Structure formats: C-alpha cells, structure tokens
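Peer 1: The lines below spell out each chain.
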Amino acid sequence: MKFTISREKFLQPLQLVSGAIERRHTLPILSNILLKVKEGALWLTGTDLEVELISRIELESDFVEGEITVPAKKLFDICKGLSTDNDITFEVNGSKATIRSGRGRYTLSTLSANDYPNLEDWQGDVEFVISQSELKHLIDSTSFAMAQQDVRYYLNGMSLETEDNLIRTVATDGHRLALCNYDYTTSSLPARQVIIPRKGVLEISRLIENSDQTVMVKIGSNHISIKSADFVFTSKLVDGRFPDHRRVLPKETTKAVVADKAVVKDAFSRASILSNEKFRGVRLNISNGELKITANNPEQEEAEEIVDVDYQGDDLEIGFNVAYLIDVMNALDSDKVKFNLSDANASALIEDAQNSTALYVIMPMRL
Amino acid sequence: MSVSYSRKLIHIDMDCFYAAVEMRDNPALRDIPIAIGGSSDRRGVIATCNYPARAFGVRSAMATAHALRLCPDLTLVKGRMDVYKEVSDQIREIFSRYTPIIEPLSWDEAFLDVTSCPLFGGSATLIAQDIRRVIEAETGLTASAGVAPIKFVAKVASDENKPNGICVVAPDDVDKFVAELPLKKIPGVGKVTLEKLHTLGLFTCADIREFPFARLHKTLGKFGALLWNRCHGIDDRSLQVERQRKSVGVERTLSEDIYSRDEVVEVIDYLLPKLVARIANAHADKRIKSQGIKLKFNDFQQTTIEHTRSEFHAGYFNDLLSEILLRRKERGIRLVGLHVGLKDETDIEQLTLPLDGA
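Chains as they are written, first to last, in full-length UniProt numbering: chain U, 1 to 367; chain Z, 1 to 358.
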C-alpha cells in the first residue's frame, strides 16, 4: 500500500478523523487510524466503538491499493509538523509504515486493518437531506442543555425527532430544556424519535459548517449517520426514552417581558461576576417597564443592573442560575428576547420575541 | 522594596480571658495569683493565668505541677466553659456591629476587616478604641487591639501594649515596625526554628532582609519563604470568614418586669431601629428568611416564635406578638428580643423540571 499526498489535503481530514479516536484506550487498535487506498481515493477511519468517522480524499498521483492502521496521534503530530513545501509519501513495508517528506523519514508501527473494528451493517429507515447550516442551527440551538454524566443516561444526549414536515431537537439536563423546531418542506417524514449521545452531537457540530452544502441524514434502529461529500459520520444511538417536552413547556404564563437581547445578555454577564461561585444565583425583579438584576456572594459583594423592558403588570421577584440564562442568550440569534413567567416557583419560557422556533425552559432557583 | 496596602485590619485579643472572667465574677481573686487549668494530680495544664501569676513565671500551656513549683500560692480555678462561651458570643456580637468580616481565632481572639466600615470616618484606630470601650462597658473585661494593614502585623501589634492597650501600625510604618521585630515574635517561629535562625546569626526581621532568600528557603523550606515575605511586610492573606451569619437580632433585659402588651410594644419600638441598623450593617436585607420574637419570663423560662418571611416587615412583629403573648400566662416579662433568620447556602435550591410527570 502506498500513496502520495500534499500536506494541505491530508491534514484537515486527518485532524477530523483523529477527533473521534480516544488517545488512550484499553484496546490498542482503538488508538489507531485506519488508512485505506481504494478506487483512486484515500479513506481515513477513526472510531471509539460509539462513533465512527470516515473521511475520503481523492488521490491524484501514483498509489498502490491496500489498507493498514497506524497510531493516530503520532501520525497527525508528525504530519502537522512537516514542511508545507513537500508532499507526503506513505508506504507500508512489512509490519512498518514509512512516512517520507523532503529529507525526513518516519517509521511507525502498524496493526492489521482486518482487526480494525467497524460498526456492523445497519439499515436506515428514515432519510433526509438538509443543508449543513440548518442542521448546525438545530444542534447548536439546543446541545448546550444536554446533561453530562447524569445517571439518567438518556439525558446525556440530544433527542432528534421527525414527523411530517417537522424536524425537532431537544436537550435537557433536568434544570433547563432547549428545543428547536425546523420546518422541513422538502418531503414528509415518518415519525421517529432517537437520542444521539453527547459525544456524537458534539462531533457532528464540529464536522458540519455554516454552509448551504447539504448532508444526508440517515436514521436506523440503533445508528444515525451524517454523510457529506467529504465524510461519513456514524454514531450509535442511546437506547432509552427521552422525556416528553410537552410536559415541561409551561402551558400558560401570566407575565411577558420583552427586552433587548444584547443589553440583558451583557447585564447578566456582568452581574454573574459577583454571584455565588458555586450556585451562580441571580435575582430578577420585574416591575412596570423595568428589569432589575442583582447578585451577591458570600464575600458580601453585590451587583445590580437595571434594564428597560416592555412589561406592564404585577411585580415579580424570581431567582435563576445565571449560567443558564447566559447560555440561552448566547443561543438566541434575535435582537429581542421574550421572558414568559408566572411566579417565583414556576418555570420560565424564553424565546425570540419575533420567532419561536427555538424555545427555552429554565426552572427558577430559590435564593 | 515598597509594598502598598489597601486593607484596614484589627486584631482584638482579650486580656487573660478566662482569668479575667473569674476575677470579674469573684473580686477576691483580683489581686492574688490565679490560674485556670486542670489540677496537678491529674496532670493538668494551665489554660490562662492572671498577671500576678505571670509575675512568678507562670504561663499558659505550662503543666500545672510546674506552675505550682514556680508559684506555690497559686490559686487554681476550675474553668467554667459555659460562662466563657457566653462572654465570647457577647464579644463576637459586639464585633458584628462594626463589620461583617470577622475571623475568630478562638473564643477570646479575632481578626476584623474594617476596610469598608463607615464608622468614625473610617478610622481603624478609632474603631478599635471604640470596640475596646464597648467590650469593657458591656462585659467588664478589657481587650487589647492591634491595628495594621496586614494580618500578622495586627496580631503582633495587639500584644505590644498588653494589657488593655492598643498599638497602631500605619501603612507607612509597617516597614519600620517589621524591621525591628525580633524573629521570635513572628507567628509560626517556635523554639526549634528560632534556634536554627540564631545559629545563622538571624535575630530580627531586618537580619532576614539582608539574608539570601535561597539559603533561607533551603534551611527552612516553605516556612523560609513565608518568613522572608513576613519580614518584608508581605502578608496578603484575607480574613477567613467562618460561616455566614444565620441570624441577626437585638434584645433588651428590662430593669423591671412588664405585664401588658402596650409595654412590650414600647420595648419593640425601642428595639426596632437597632434591629434595622444591625440588618443593614450585616448586609442581610436580601437574605431574610424569617422574623421572630423572643421573650424571657420572670421564672427565667424563655420562648421564641419565628415565622418564615421572605422580607423584613416591622409591622409583622404585631402578629408575632399576639401569638407569643398567649404563652405568657400571668408571668412577668424580663427580656424582649427581636431577630430575623437569614438564609445561607444550604437554603439555595435549584428547582427541577417535571420530566417524569407530576
């Protein structure tokens, strides 16, 4: 097996695929990357048994077909450090792989490609094509609310739902929930709901770009894959039942406060500096035309911010984890934000004041 | 080397605390050598002794048997810890009138950070003098104070003019004060360290300043670095404020027992502005979680009523009063107290989404 490639063409796919590979693994071959030359292209594969990423690079100059695995991190570090002036030649001789570039020569150990684990064959029952930017929006609008190492394992991921002309993502860690709806007009989709594990979600977000280029999403009973011109990403699904968001969305709220998003976001960020480091609580005091944000910490330091808002109604004092508020402000890409509230113990529904494709529910904090 | 200081710290140290309490409560002990501690036949140790005893060389932490050899007439007093604790609480309450930032070191000793105290035009010296005055007026005991911009200097200073004295080390004087300091006065320098330092020809902080840091570090390790800093007037430790206050209160013991509601209302009206001021001083207005009244009757029975309230409301004491007066039953009232309970971290609660249905 042999191929020659420019450093530029090789490096970025190599980095992407290496991202799916764990550095230290009990199974040595899982620290390796699979390189395969076949039909005029180089295929790079990385996996951690939960996710798999395959990237394809067209080869131009002479090559010899074959496949092998080498330590991923070492290969990437070497290629990253090589000069941009020379092409890289990769060649397998016996049990070693040699990398040549200019006057440099590196010999890496190999493990047989036959031993490299690949996700078993699976069938997709839902398929749709979506632009990378739309998919990215669906993911980035909600993924921050995913739980992390929660015993309720089904919360350590994101729910992806299809039904007719709707694609919906939902994530929740039990204190807050994020939901994003996308109106899919291309075709009518079957009703499915799956949970993509946290790592898979973060990998997909890393792989896709804010572009009009499309990807094909394929959902099977245990797997999901995202396929573009350059890569195929596959993730196992979390086997579990995701909570029903309809139970969590407040049905009726009594107070609607509309504010300039950038202004409140900055005010939250400043006030957070003097919130209790452990609990991150801030107090919101809502009165006619005004939102007051206050924070204090055990050192008796205090922050107070007053923001003009659109609101007429009864006064309300309610506490929140300021990090949750800031996350939502960051996820919204609107100018105006609307807080729908009821009382100090009831959840708040936060949304773009003009467009409610993304909905955020945050439970208050008793301060 | 110049160091700039931004804080005003006071170290308050009660004079011969346990012994002073005993002398206060039993004037017969006032002029004779006394010590509080365990008896010699039970291998006891001296906790505190008064100045007449110190004249004989008796010191705290000394074995009682040894103390008795030095001073055979020493009167040994068994400690009354509950009384000392009560006085200690009293003193701590006095501190809290000046600043919420208090680091108690023991029952009779504390650091106070008065940097943001608005009293006496912000003069730490005048604040320290007032604290000493109030302690003496309210407990009959004397305290010594050290005023300085850094902790260890404040602590050393409080010892300087003991008993019943004050020593102020202004920021500009720290350098000179530290330079002249014998090394044995620096907290942490014990017998063994002192011997090592003396062997190296080091006796004062000024000597350390002339001494190569690396060698000091090699000889004493981490403590060498710390000592080097101290000798250069560097001590950026802030006060370790214990836990947050759980309540703020005021009370008044009446000169004569009272029986009618109107009389109690009068006392409450007298106490209210003091409570409000105390709440403001402790920056507690945003942490109110309850409001309560305490009464002590002339049979010395005491009762407290407390209701959950998210904010302080003076008028609510009327409701509380109606309820608590039902417990009076013919008895006279000798003490009235008002207080608010404060939330602390354990009261913070993040509510959860009804994911599983409810």
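What the hints contain is simulated information worked out from the structure, not anything from laboratory work. Bear in mind that the values here come from a model prediction, so they are computed numbers and not experimental data. Among the clues, some could well be false.
[Claimed, not checked] From the structure, some residues in chain Z lie toward chain U, with a derived Cβ separation under 7 Å:
hint: 1; residue: Ile102
hint: 2; residue: Glu103
hint: 3; residue: Leu105
hint: 4; residue: Ala314
hint: 5; residue: Ile348
hint: 6; residue: Leu355
[What the hints assert, rightly or not] Quick list of simulated restraints, FRET-style, between CB atoms:
hint: 7; chain 1: Z; residue 1: Glu86; chain 2: U; residue 2: Asp150; range: 31 to 39 Å
hint: 8; chain 1: Z; residue 1: Asp356; chain 2: U; residue 2: Glu317; range: 52 to 60 Å
hint: 9; chain 1: Z; residue 1: Arg237; chain 2: U; residue 2: Arg24; range: 34 to 42 Å
hint: 10; chain 1: Z; residue 1: Asp299; chain 2: U; residue 2: Glu304; range: 31 to 39 Å
hint: 11; chain 1: U; residue 1: Glu58; chain 2: Z; residue 2: Asp356; range: 31 to 39 Å
[Stated by the list, open to error] Every beta carbon over 10 Å from chain Z, so not counted as near; a handful from chain U, in silico:
hint: 12; residue: Glu161
hint: 13; residue: Pro190
hint: 14; residue: Asn276
hint: 15; residue: Glu299
hint: 16; residue: Glu302
hint: 17; residue: Asn345
The beta carbon of each residue, even a glycine, is placed where N, CA and C say it ideally should be.
Peer 1: List, from low to high, the hint numbers that the structure doesn't satisfy.
Peer 2: Violated: hints 1, 2, 3, 4, 7, 8, 10, 11, 14, 15, 16 and 17.
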